[in-house]
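Colleague: We have chain A already, so just place chain B on it with the hints.
The listed protein sequences derive, respectively, from chains A and B.
The letter at position 185 of the first sequence is residue 185 when you use our numbering, and the numbering goes up by one with no holes.
The letter at position 7 of the second sequence is residue 7 when you use our numbering, and the numbering goes up by one with no holes.
It is worth saying that the hints were derived from the structure and are not from the lab.
Since we're looking at a predicted model, the values are computed, not measured.
Treat each hint with caution, since some may be false.
[Stated by the list, open to error] Reference excerpt, derived from the structure (chain B facing chain A, CB under 7 Å, subset only):
1) R230
2) K234
3) Q292
4) T295
5) T302
6) G313
[Claimed, not checked] DEER-style ranges, computed between Cβ atoms:
7) E106/A to K316/B: 23 to 31 Å
8) S68/A to M259/B: 15 to 23 Å
9) E231/B to F58/A: 54 to 62 Å
10) H117/B to E60/A: 38 to 46 Å
11) E60/A to E261/B: 38 to 46 Å
[Claimed, not checked] Quick partial rundown of chain B residues pointing at chain A, CB under 8 Å, derived from the structure:
12) K278
13) T298
14) I307
15) L314
C-beta atoms are modelled at their ideal positions from N, C-alpha and C, and glycine is treated no differently.
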Amino acid sequence: MLELRNLTVKKDGKSIVKNVNLHVNRGEVHVLLGVNGSGKTTLAQAIMGIYPYKGNIFFEGKNIDSLSVWERARLGITLAFQEPARFEGLLVKDYLILSAKEKSMENVKLAIKTVGIPYSILFEEIGENLSGGERKRVELAAVLLMNPKLAILDEPDSGVDILSFSLISDVILRMKSHNSSVLLITHSEDMANVGDKATILCEGKVAITGERNKVKNMFKYSPCPLKR
Amino acid sequence: MDELIKKEYENLVKYYEASGGNSKALISDNYASIVINGNHVLAKNSTKGIVIETKKIEDGVYARILIKKGHKAKNPVHLCFGMLPREGKQIIRSEIIAEEGSSVKFIAHCIFPNATHIKHIMKSKVIVGRNAKVEYEETHFHGKSGGVRVIPTTFARVEEGGEYNSSFLLRSGRAGYIDIDYEVHLASCAQSMLISKIHGMGEDEIRARESIYLEGEHSSGVVKTRMALRERAKSEVVGKTIGMAAYARGHVDCTEIIMDEARAEASPVVAAYHPLAKVTHEAAIGSVDKKQLLTLMTRGLTQEEAIDVIVSGLLK
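If we strip away everything but chain A, and leave its shape as in the complex, we get (with noise of 0.2 Å):
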């Protein structure tokens, strides 16, 4: 579904990605663990087309370099951001039905519910007054109402409660069950737990790629093993 090759991103002439090679199947859920720095949200928005890079990206076989944002959008990709955008005069119910791909209130009262807020907040402004948990809640039902076929999301679980964990969890294989592939940033070895496979970067490198509690494991004791 998703492949790196050799992808590199330079942000003010320092390498923050490095050379990366990554794989991600059709319905997998790939957990990429790191370190605060080792590049994992630089990496995410270049897949979405946000920062240029070197090397390639393929999806579902065909390369994507040359799309925008947007055309990647098109294609089934998405990503949810750390820290999601508010904006003023725009409501919950009216962001929502503008990611759908199917635009019904039917389907949007569903997404908030799978998401676990309250019906209200479709009426109410995605400014301020939402809290940052429900804004990310916001987030992930835009997501699940684009029914995407690669959803990046970047570490969803921070900043919400313990309660949220198993939520965000249960929206993750739900995505999952709908064969929609999920690349989960997170730092939590809880949510990681969600994954099938898992990825650990470290200062822009791929320090090892494999099945989720092997890599788990190795991120507990060593979360940076490239580092010297």
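Modeller: Coordinates of chain B only, in the frame set by chain A:
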């Protein structure tokens, strides 16, 4: 209504509906209303508790709207002001008096769909009595040529415990030249919010000076401006709150998005003449927020579609 006036009325109402107005309210006895085309009053309706008087004056039209003491208007008062010809000058001098304990909402539509050289001058005086409440929502529809000069001035005095909220909205079409000058004086425990939301494009020029004088203790006021400017449009905004009494609270909040070669100047002015008054401000001018843009683009919207969503939200 003679045939000529009837035709004029019907044409104006057609545009009134297109700009979001409720035309049924203009013919219903349950709604107080005024319809003015150019300097001619085409229709007016008073209701129980709301007395509307109009007269022709030397340079235009005078309208006086009185909301009687204690009257709580269930239905809004509808005002339809416009000019259908391409050229001309409309001058409306209005006086709104909301007596003690009354409350009313005005929905005004100002319509200049064919304007190439039109000047619309609105001079309003608003008196909000003790514990009375007036909401005034004004939506403009100017067409595409930009040939309108809109010059509204309002002087409002709000007595103890009263409330006056006003909004000036122009969300589509060309703004042309707009020069807003609003001044509100608040007695103790009175409150006011002045909102202007304007979309400018082409060679549009928008000026707004909105001031709230917090003269009474515990009075509070907010001046809020939202503008989105494209192409070569220009704006100059001065939002002002002056805290003159103990526990007066004022805030100026201005956000402008500029695109292309547009230019914007915002000057939030806060002044306190009493040590227990507190006035604050925030102002931001810039291009469209990159994170908002990227978020919408990751949902599959093109950059232009995303900008439209962001601007519509800002001006909503």
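Colleague: Which numbered hints are broken by the structure, listed smallest first?
Modeller: As far as the earlier hints go, 1, 2, 9, 10, 12, 14 are violated by this structure, in ascending order.
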